[in-house]
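A.B. asks: Residue numbers (the working numbering), protein chains in the order written: chain A, 46 to 145; chain B, 442 to 1182; chain C, 28 to 231.
A couple of the hints might just be wrong.
What the hints assert, rightly or not - Straight-line C-alpha distance at most 30 angstroms; calculated DSBU-like pairs for lysine-lysine:
| id | chain 1 | residue 1 | chain 2 | residue 2 |
| --- | --- | --- | --- | --- |
| 1 | B | Lys1092 | B | Lys1102 |
| 2 | A | Lys136 | B | Lys1059 |
| 3 | B | Lys636 | B | Lys1102 |
| 4 | B | Lys475 | A | Lys136 |
These aren't lab readings, by the way, just hints derived from the structure by calculation. Source: prediction; values computed, not measured.
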Amino acid sequence: MGLGAYVAVSAALFGLGIVCILVRRNVLYVLMGIEMILNAANINFVAFNRFGANELDGRMFAIFTIILAAAEAAVALAIVLNVFHLFNSVKPSEADLLRE
Amino acid sequence: MAFFELNSGTSYGLLLAVPLIPLFGYALQIAFRKRLPYGDKILTAGMFAVMCITVFMAMRMILAEAPVFLESRAKGYVFNWLYSVLPDAATVENMGVGILYDPLGAAMLAVVGIVSFCVHLFSIGYMHGDKRYNIFFANISLFTFAMLGLVLADSILFLFIFWELMGLMSYLLIGHFAHDDGNPYFHRWASWASKKAFMTTRVGDVCLLVGMLMFYQHFGTFQFTELWARAQEAVAANGGEFPAWMTVAGLFIFGGTVGKSAQFPLHIWLPDAMAGPTPVSAMIHAATMVAAGVFLLGRTFPLMSPEALTVITIIGTTTALFAATIGMTAYDLKAVLAWSTISQLGFMVAAVGLGGVVAGMFHMVTHAFFKACLFLSAGSVIHGCHHEQDMRRMGGLRRQMPVTFACMFICTLAIAGVPYFSGFYSKDAILLSGWAGILGDHFDGWKVYATVGLSVAATMTAFYMFRMVFITFFGTYRGEIAEGHGHGHDDHHDDHHHEEIVHAEDGGIAHGHPGPMPHESPLPMTAALVVLAFFGFFAGDFPFTDLRFWDIYHPQTWFESLASLDTLYPNVSSWLDGRFAHSQAIHDAAHSRAFYGSVFVIAPLGIFLGWLLYMRRKEWPAKITGGLGLIYHTVRDRYYVDEFVNAAVIKPTMACAGLLKLIDERIVDGLVLLVGRINKFLGFFSAAFDRIVVDGLVNFVGLASQTFGAVSRLLQTGRIQQYAAFAVAGGLLVAAWLILS
Amino acid sequence: MDHTLQQRIFYGALALLVLVGLGAGLAAGGGAGLAFALFAAMTIGGSLMCIWERSVVRSAFCLMATFTGVAGLFILLESDFIAMAQILIYVGGILVLILFGVMLTPPDLTERQLPRVFAGLILVGAGVAWVAVKVAATARWAVPDEMQPTAESNAREIGVGFLRADGYVVPFELAAVVLTVALVGAVYIARRKRADLEPQGGES
């Protein structure tokens, strides 16, 4: 399969990730959506890397993305639990203290 | 391009150490918090080192035969942070981190070093017993780092980064007491004031960002020396006229100054910022951060077109005048100083607008010393009077607090512009540039306005400062001398707390009075005052070494011999000299009778009026204010600018948002109902469409008004998903633009 | 509409789409095309199901399909080390974390609103599809349209790349620092809440 096919899958996954962030009213879905978006980016990195110059750069980026995603998931989960304890809800729309 | 170099190769190392010391102190304090023994002393010692280095470097600069202009890029010492993405600047490594050290930077570094050290020293006494004592020191150290970095930055990009960091620290420090309602300094409005300060300056910051990017778009660089050179080229290419966009971009950059330096109409945050601890007011809201706006003007002066300079002058003069009138009516000790700060900043801004950039920077330097001293003295008074801030409940304090009184009196003389005190030299340099403008080749009405307005404002300055000193330190003590009673609004009065301070600082020596009688502050605080008062006196010039009484305008003060258009902007100096035809006009002005008159009339007149109204005829002020009636109330209530902003910006945006919300709810709900009746399944889509599209549209309109209504925090919904939706919509718009264009 | 019916319609449509996709892949690229279509279907179908499902637990498991599908795509791209890292970290680590989050928060089956879901899918889908079509029509990739040859051992290549002096040592160390900081931070955030519950309270 050509490069275009991978990029298309990546674009679709990216869009679905955004939908996942926007439409659901549970902060865990926001987390999942972010993971989807990161995965979409990863597909692009690796695909362009393998079809392109085949230096290590793209795959290195992918690895760093995975690392950062792991770190982000850990911190985000801690935040989710804190938000839950603070607001007794996991709906992002209820955690709107920022506007106070 | 004539770049000078310091002889020694170690200079860069020393300069780098200057901001890194407070940064290291901050990291240390944050990492160990209360477990760090003597954290405050360690940070103060670090700041002492900073002060020594900066003063040493400045002295070398002053004593050097030729003023030094040191640019790390010229030597190739630069850390490249980002590379340009603009096609026409693709090879320019213009986002590097570099150092620019020139006379202005040297003077400002020394100012920041000295003031910061004094403030640290003062805080050891003043903040003693505070719950968040360590955090306070950490924050103020990080602030010092940001300010030093801003002064050393050689590109407007890094200046902006440090600028924002300072804004953040200002926010945190104004709200320092907001978390601790048991603290005697607690103000209920501290958290509100910190938000107001952050939001209001944010308006200016956005302007600065826009202006910065406009220059980058046209010139492809952020670096100051490059920008100046490109400005000269652009003007030359345009037939000697400034292109219109440069006026616009210059005014945007000036918008940053308006926000940070509290110029009209964004001055509203500074008086409220006084809710923060007094050392913070001294350091951030008098000496350094608000001066950063003026410093920015100094760095970008060659980029300003004549039209922009006219606007700058008018805004500066207006601010100076209008803040001075409010300062005459205030009774809160810190409020008087806050309005005075705004007024003095107006002087500096107007000076830059008049082309007297050296005079403006000179005033920035001297003002930093005497205003920091005044604020810390005020802090000492507040400390001594048990957290009382209202001058009407003070009086006669010169007997109880002799050191504070002496320091404050010296600095009051300085700010009033009494000859031989530092403020005299700088303020009259500013008036001189006004006269030079009037007497120069081009006669303009706004120059007359500026000169007359600034002279009047200077008289008012002398008046209200002496009013403050007379009310506070002379006469008899008017506070209640009783045990265990709070004063008026000060519900958190806490004698026990206070006694702890006294015992801890004085080694247990009991005072002669059991009740809350005012008392002198402990040693670290007075020491800081004395250091600052010393500089408040001598920072203008060293008059006794070269005394020429009748040639009172000493044409070569240390700052003016160090800094001139030639040494501040060496690579474009001939261009600027041509534009401002400086020396000749100033020379003429200095020898004109009008100038001498303004020098000798201003300070004595103001002081005489203050003495007359508040020492001699104490019943007159009430009569005068009664006679003025409405005018007095308008001035006292700050010309209702806050109310105007509230009514003109915040309320309409809120009302608009409310109306849209109403429409949104009614129409969307109605549509849902209608569509739902027609077809249930289709209704799902339709309602969702309405909700997303209409909601999104409505919110988008709301967002547009939010940008201007950033002052009103209430507009932010705080819903992250909504923010995410905007981000996505924005991304799609950008994609659409990229594809379609 | 009844929930069971909704599920039937959705999964029926999804299965139909997947079948069409698999057929198209087979027709376009034979065996390799079929494999690609399979993994792509896992990726996209998994995320669609994740958005669709009412229960967070089910959504999380659907996300597993997405992650695995992406790993499969990596294998097709001959980057097996990243594929393994993907499975280990995403499926083994992040997904488990999310499941922890699911278990520690109460279930809420009424939270999904179909109109929102449909509207989001349509709007964002239209936007992304439009951009994709435009890009596909105008973009000229500066790369050849076939895969480049790669070293025999991906892992060795990447490992050497990490540690080579002119390689990625600094980012590698940075990543280590970031991970450590994030871990400490996560523990700190999660722990503070308990400190707040104590009567004394912590330093703010």
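A.B. asks: Decide if the proposed pair is consistent with the structure: B:Lys636 and B:Lys1102, CA atoms, cutoff 30 angstroms inclusive.
C.D. replies: holds, 25 angstroms
A.B. asks: Going straight from one Cα to the other, do A:Lys136 and B:Lys1059 come out at no more than 30 angstroms?
C.D. replies: With a Cα-Cα distance of about 64 angstroms, the restraint between A:Lys136 and B:Lys1059 is violated, given a limit of 30 angstroms.
A.B. asks: Could you grab the alpha-carbon distance between B:Lys475 and A:Lys136 and see if it respects the 30 angstroms cut-off?
C.D. replies: Judged against 30 angstroms, a Cα distance of about 37 angstroms means the pair is violated.
A.B. asks: So if I understand the rule, the pair passes when the alpha-carbon distance is 30 angstroms or less; does B:Lys1092 with B:Lys1102 pass?
C.D. replies: Since the Cα atoms of B:Lys1092 and B:Lys1102 sit roughly 15 angstroms apart, the hinted pair holds (cutoff 30 angstroms).
In the structure shown, a violation is registered for the earlier hints numbered 2 and 4, in ascending order.
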